[in-house]
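Numbering of the sequence shown is given in our numbering, commencing with residue 1 and proceeding in unit increments.
Because the hints were derived from the structure by calculation, they are not lab data. Take these hints with a grain of salt, some might be off.
Claimed, not checked - Have a look at the derived ranges for each label pair, beta carbon to beta carbon:
hint	residue 1	residue 2	range
1	R72	D47	28 to 36 Å
2	R22	D62	29 to 37 Å
3	V88	T63	37 to 45 Å
4	R89	Q46	13 to 21 Å
5	G64	G13	18 to 26 Å
Cβ coordinates follow ideal geometry from the N, Cα and C atoms, glycine included.
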Amino acid sequence: MYVGTLSFDLLLGDVRSLKEKRSVVRPIIAELQRKYAVSVAEVGGQDLHRRAEIGLAVVSGDTGHVTDVLDRCERLVAARPEVELLSVRRRLHGDED
Numbered sequence: 001m002y003v004g005t006l007s008f009d010l011l012l013g014d015v016r017s018l019k020e021k022r023s024v025v026r027p028i029i030a031e032l033q034r035k036y037a038v039s040v041a042e043v044g045g046q047d048l049h050r051r052a053e054i055g056l057a058v059v060s061g062d063t064g065h066v067t068d069v070l071d072r073c074e075r076l077v078a079a080r081p082e083v084e085l086l087s088v089r090r091r092l093h094g095d096e097d
């Protein structure tokens with residue numbers, strides 16, 4: 001079994017309130033869940049209206065599949081025009097960990 005994780009540090013565009021932030025972050029989370037069947041949530045920066053940290057995890061018996069899903073998720077978030085991707089942290093955990 002392999003578990004892959006991504007952590008995205010995002011700078012949000014023209015956002016002036018936490019309510020506006022939710023209207024940007026929630027669709028990203030929903031699209032990742034719908035397209036790639038991953039577990040995803042906002043995991044940091046909840047009290048900051050222009051920053052967000054999104055965490056994502058995928059489980060598979062094949063490292064190739066985990067890597068492919070993580071690559072696709074990273075491309076999807078990076079392509080969103082309403083956010084600037086500041087950093088991505090990627091981890092792959094195997095049975096030995």
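For each hint given before, does the structure comply? Return the numbers of the non-compliant ones in rising order. 3 and 5
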